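Q: Taken in order, these protein sequences are the chains called Z and F.
Quick note on numbering: the working numbering labels position 308 of the first sequence as 308, and the sequence is numbered without any gaps.
Quick note on numbering: the working numbering labels position 34 of the second sequence as 34, and the sequence is numbered without any gaps.
Warning: the hint list may mix true and false statements.
As the list claims (entries may be wrong) - Calculated lysine to any residue pairs in the SDA-like style (CA-CA distance at most 20 Å, straight line):
#1 Z/K87 to F/T377
#2 Z/K140 to F/T377
#3 Z/K140 to Z/L125
#4 Z/K87 to F/S40
#5 Z/K87 to F/A358
#6 Z/K178 to Z/R112
It should be emphasised that the hints constitute simulated quantities derived from the structure, not laboratory data.
Remember, predicted model here, so these are calculated numbers, not experimental data.
For reference, the chains in residue letters:
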Amino acid sequence: MSDTTPSALSVQTIIGLEVHVQLATQSKLFCGCSTRYGQPPNTQTCPICQGLPGTLPVINQHAIELAIDVGLALDMELVSGCRWDRKHYFYPDLPKGYQTSQYDLPITRNGRLEFRDPANAATLLSVRINRAHLEEDAGKSLHGEGVDGGTWIDLNRTGTPLLEIVTEPDLRSAQDGKAFLQQLRTILLYIGVSDCNMQEGSMRIDANVNLRIDDGAQSIATPIVEIKNLNSFRNVERAIEFERDRQWQHWQATGEKLGQRPKQTRGWDADREVTTVQREKEEAADYRYFPCPDLPPVVLSAEQIAARRAKLPRLPQQWKADLISVWKLSDYDASVIVEQGRDVAEYFETVAQVSQDGKRSANWLTQEIMRLLNEQQRPISEFPISAQQMGELVAAVATNELDHARAREIFSLWLEQSLTLAEAKQRLGIAAISSDEVEQLVAEIVAQHQAAIDDYRQGKKQALGPLIAQAKKLNPNVSPAKFREALLRAVDGQ
Amino acid sequence: MSQEPILSATDLVTRIREGQWTATESTPRHLAIIAQRNSSLNAFVEVWRDEALERAAQLDRKRASGATLGSLFGVPIGIKSNLCVTGHVCSCSSKMLANYRPTYSATVCQRLLDADAILLGRTNMDEYAMGSGTEYSIYGPTRNPHQEVGPNAVSGGYSPGGSSGGSAAAVAGGMVPIALGSDTGGSIRQPAAFCGVYGLKPTYGRVSRFGLVAYASSLDQIGPIATTPDDLELLFQVIEGPDRHDATSLSRETVQQVETKLRHKSVEQLRVGIIREHAEQDLAPTVRRALEETQAYLKSAGATLVEVSLPRQAHAIATYYLIASCEAASNLSRYDGMHFGHRANVPEQNATLEQVIAASRGEGFGAEVKRRIMLGTYALSHGYAEQYYQQATRMRQAIRLDFATAFANVDVLLGPTTPGPAFPIGAHRQDPIAMYLTDQFTVSANLAGLPAISVPIELGKLQSNESRLPVAVQFHAPPCGESRLFSVAKALHERNQTAKLGAVA
Ligand SMILES: [Zn+2]
Numbered sequence: 001m002s003d004t005t006p007s008a009l010s011v012q013t014i015i016g017l018e019v020h021v022q023l024a025t026q027s028k029l030f031c032g033c034s035t036r037y038g039q040p041p042n043t044q045t046c047p048i049c050q051g052l053p054g055t056l057p058v059i060n061q062h063a064i065e066l067a068i069d070v071g072l073a074l075d076m077e078l079v080s081g082c083r084w085d086r087k088h089y090f091y092p093d094l095p096k097g098y099q100t101s102q103y104d105l106p107i108t109r110n111g112r113l114e115f116r117d118p119a120n121a122a123t124l125l126s127v128r129i130n131r132a133h134l135e136e137d138a139g140k141s142l143h144g145e146g147v148d149g150g151t152w153i154d155l156n157r158t159g160t161p162l163l164e165i166v167t168e169p170d171l172r173s174a175q176d177g178k179a180f181l182q183q184l185r186t187i188l189l190y191i192g193v194s195d196c197n198m199q200e201g202s203m204r205i206d207a208n209v210n211l212r213i214d215d216g217a218q219s220i221a222t223p224i225v226e227i228k229n230l231n232s233f234r235n236v237e238r239a240i241e242f243e244r245d246r247q248w249q250h251w252q253a254t255g256e257k258l259g260q261r262p263k264q265t266r267g268w269d270a271d272r273e274v275t276t277v278q279r280e281k282e283e284a285a286d287y288r289y290f291p292c293p294d295l296p297p298v299v300l301s302a303e304q305i306a307a308r309r310a311k312l313p314r315l316p317q318q319w320k321a322d323l324i325s326v327w328k329l330s331d332y333d334a335s336v337i338v339e340q341g342r343d344v345a346e347y348f349e350t351v352a353q354v355s356q357d358g359k360r361s362a363n364w365l366t367q368e369i370m371r372l373l374n375e376q377q378r379p380i381s382e383f384p385i386s387a388q389q390m391g392e393l394v395a396a397v398a399t400n401e402l403d404h405a406r407a408r409e410i411f412s413l414w415l416e417q418s419l420t421l422a423e424a425k426q427r428l429g430i431a432a433i434s435s436d437e438v439e440q441l442v443a444e445i446v447a448q449h450q451a452a453i454d455d456y457r458q459g460k461k462q463a464l465g466p467l468i469a470q471a472k473k474l475n476p477n478v479s480p481a482k483f484r485e486a487l488l489r490a491v492d493g494q
Numbered sequence: 001m002s003q004e005p006i007l008s009a010t011d012l013v014t015r016i017r018e019g020q021w022t023a024t025e026s027t028p029r030h031l032a033i034i035a036q037r038n039s040s041l042n043a044f045v046e047v048w049r050d051e052a053l054e055r056a057a058q059l060d061r062k063r064a065s066g067a068t069l070g071s072l073f074g075v076p077i078g079i080k081s082n083l084c085v086t087g088h089v090c091s092c093s094s095k096m097l098a099n100y101r102p103t104y105s106a107t108v109c110q111r112l113l114d115a116d117a118i119l120l121g122r123t124n125m126d127e128y129a130m131g132s133g134t135e136y137s138i139y140g141p142t143r144n145p146h147q148e149v150g151p152n153a154v155s156g157g158y159s160p161g162g163s164s165g166g167s168a169a170a171v172a173g174g175m176v177p178i179a180l181g182s183d184t185g186g187s188i189r190q191p192a193a194f195c196g197v198y199g200l201k202p203t204y205g206r207v208s209r210f211g212l213v214a215y216a217s218s219l220d221q222i223g224p225i226a227t228t229p230d231d232l233e234l235l236f237q238v239i240e241g242p243d244r245h246d247a248t249s250l251s252r253e254t255v256q257q258v259e260t261k262l263r264h265k266s267v268e269q270l271r272v273g274i275i276r277e278h279a280e281q282d283l284a285p286t287v288r289r290a291l292e293e294t295q296a297y298l299k300s301a302g303a304t305l306v307e308v309s310l311p312r313q314a315h316a317i318a319t320y321y322l323i324a325s326c327e328a329a330s331n332l333s334r335y336d337g338m339h340f341g342h343r344a345n346v347p348e349q350n351a352t353l354e355q356v357i358a359a360s361r362g363e364g365f366g367a368e369v370k371r372r373i374m375l376g377t378y379a380l381s382h383g384y385a386e387q388y389y390q391q392a393t394r395m396r397q398a399i400r401l402d403f404a405t406a407f408a409n410v411d412v413l414l415g416p417t418t419p420g421p422a423f424p425i426g427a428h429r430q431d432p433i434a435m436y437l438t439d440q441f442t443v444s445a446n447l448a449g450l451p452a453i454s455v456p457i458e459l460g461k462l463q464s465n466e467s468r469l470p471v472a473v474q475f476h477a478p479p480c481g482e483s484r485l486f487s488v489a490k491a492l493h494e495r496n497q498t499a500k501l502g503a504v505a
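Isolated chain Z, as found in the complex (with noise of 0.2 Å):
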């Protein structure tokens, strides 16, 4: 883009981001089914998700406790009060003719969220949060796949509850679009409101992107285009960036500003890796929103509210901050280990408690453990090795019981069998040593090198390195530091 913006012109790409996040409760928003994911189509249904004449909605208390939840997280104001209202389109994976949604008074509103300026690490950005409300998902449309080719429809995902989340359009880049979206993440992991699965469809993306175009005399935005349903976050990097670059050869084309065309809704065609239109906001559906007579407004008590705060998991923010604080760790070991998950800094937290060593448990964690999970593609919850397990093991090197390499033996073993430290010790023949055997072994080593002790003698410092090695072959129960002390202590008293 740079080539071809002459110099006098400042322009910049103005994102705002809907996030639609799937609630991690058992049941749907409206029924009593389950939200479970990948069952048979058609079998996580009743009278009421089905939209059968005569049923009524009864709200699923938890949905409301989840956006509570994630109110008090992006330091929202909470609505009591909020209102549903109904949508209305006509398709047939929307069994009622309307979506139940929240219109004007959604449960939460004006909060803010920080995240890391992928630019510049040491900076923090934020965007304000616009609103998110509650709504119901709808159905599965399986194109095709029926008879002749027809259309067949699954509602096990009709009534599935959703937070669509809404930021202003503070974002300025599509790296800080996905650096705010992982950061996003990152908290609702943490709070436990939703699984986040993008594969699943559990968090879905829509963009609005335009520019805003600065020659200093005056300030041009183009027509905003809305990027519909982008399930990854290098989706959403990739189809603002061809958006913005589409806008900007589009504006030089035709000098088209904000106004002079409606609101355009595109979609992201990831394997052609471009945005093609889907409608122009004229040809849209008037919605004709207007609050649903069968719900009563939710009511959210401050005893509600406070007793949900009392039980708000620990933000991404504050474990880094106790990470930081408590267990000595940098900046950054805290942020790689935060950035990982909640479960993962659960793992750490007990890692540090049982061995009382925050730094080498920062290290085992991030360099041994978190390498064969991103090898084997796994969580942290499939890991063989308990964080217990792990404490203990970490606490031996740092009480000098076992050294580096005796440990990452018993770590191996551990990932192929379930053995106590005991027993892994046992089984690897690693036994205490006494300062007598370590004594023997000096002795035993002096008198078979002693061209390397005189090389020492006369300055070489370095020479001692091989003789360590070679008691480590003998016994590999000796610890190469009491044994280098003791050696000293031999050769320099000579």
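For this one, chain Z is given, so just place chain F with the ligand on it according to the hints.
A: Only chain F with the ligand this time, still in chain Z's reference frame:
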């Protein structure tokens, strides 16, 4: 037994409980009356004969076993065609749902079964409860069991009113002692008035709407129709009460709190408000006489009569039709021919989704339903919602306030149920507005969520040119004031019995 008169539900339960009758004896009697009269009245659109007889036998066995008997033990009952009963067609008298069988039962139907009632069949209604004559029905019109004789007689017969005309005609025709209707703007009270029986529209939220096919959700209430106030109360007691399937149903605590505040009063302690705006309307002579005779009776019984004003009454009909149509347009969105109900036979390869949906709705809905869907869609559309829907919502609040102000000073309100007696079938077919106006006194109770009752009034001596068709008055009470309505109705019922004997001037 076949010589015995038809009994009220209350008497029937007593006889069967005491062993004088059995359900197996009494049920066929009602089936026989239906068989005899339904071809002319068209009150029932489906009779569940075998199921009813089987259930009667089952109930008799239950009684023999010494089990506790429900409060409607052995009573046959008619169900309006917009209430779901598992496995039975629930058509709402619409082509759209002509073959639709729900997979669940409405809370009220379940409560009837739990009270040991016998569901005898489903009754005719206006399509989706939209109408005031039980004429807009795929089953054809229902006839009012009451006929004019002499110079006022019409050949086609009279309308039973609507939309619960089938239930009112079934009760008035002696087919069943009690029936369920639904009332969105007068659909229980107006047919009860036209058919000379009692009808109650309960406080919004006292009866669960779960399983009632929605017309206008914020106005709809299910209620009883009966030949006596005792039966009306009996049926109401069975169906009312909180339901976890209906978020708008009132909790037991709320109802009790309000009931406690509304101290019980006998008729002589009552302050009765006479609604000036209703009395000032153009009323048929017999309706005006019913109103006057009721006032005279209440006064003689010691009640205090006070004139009260409901200043926004003139706007009630417009407000009602806007709100009801908006909600109807939304509620009826689900009939798209995709998941249930009528689907147009459009070759799919040649049609867009919109065309299939439009054709299904075009064929499935009748003219009155389409009229209200279009009105509601227009009134909710972008740029018009403020002018119509929002405005109507504000007027509804004002009407509610009018009632609250009136009830600060009186215990119940008295007015006519309808401007005149039943109209001949087909009289309003060309003029929907004239038909809408028959609801002008009933819609306010729905807008304000209040309980209201229609009480038939036996007039004293009629002039030879006066109509013989039944007339009624209506009482409104504050929210949860149903018991006040029952006690006024009971007093008037006694008066009616005397009037029948010619003792009232
Ligand atoms: Zn369900």
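Q: If a hint holds in the structure, say so; if it does not, say that too.
A: Tested hints:
Between the alpha carbons of Z/K87 and F/T377 the distance comes to roughly 12 Å, so the proposed pair stays at or under 20 Å and holds. Our distance criterion of 20 Å between C-alpha atoms is broken by Z/K140 and F/T377, whose separation comes to about 27 Å. Between Z/K140 and Z/L125 the CA atoms are separated by roughly 37 Å; this puts the pair beyond 20 Å, and the hint is violated. Note on Z/K87 and F/S40: the hinted pairing is violated, with a Cα-Cα distance of about 45 Å set against a maximum of 20 Å.
For a cut-off of 20 Å, the pair hint linking Z/K87 to F/A358 stands: about 19 Å separates their Cα positions. Taken as a hint, the Z/K178 and Z/R112 pair is honoured in the structure, with Cα atoms around 16 Å apart against an allowance of 20 Å.
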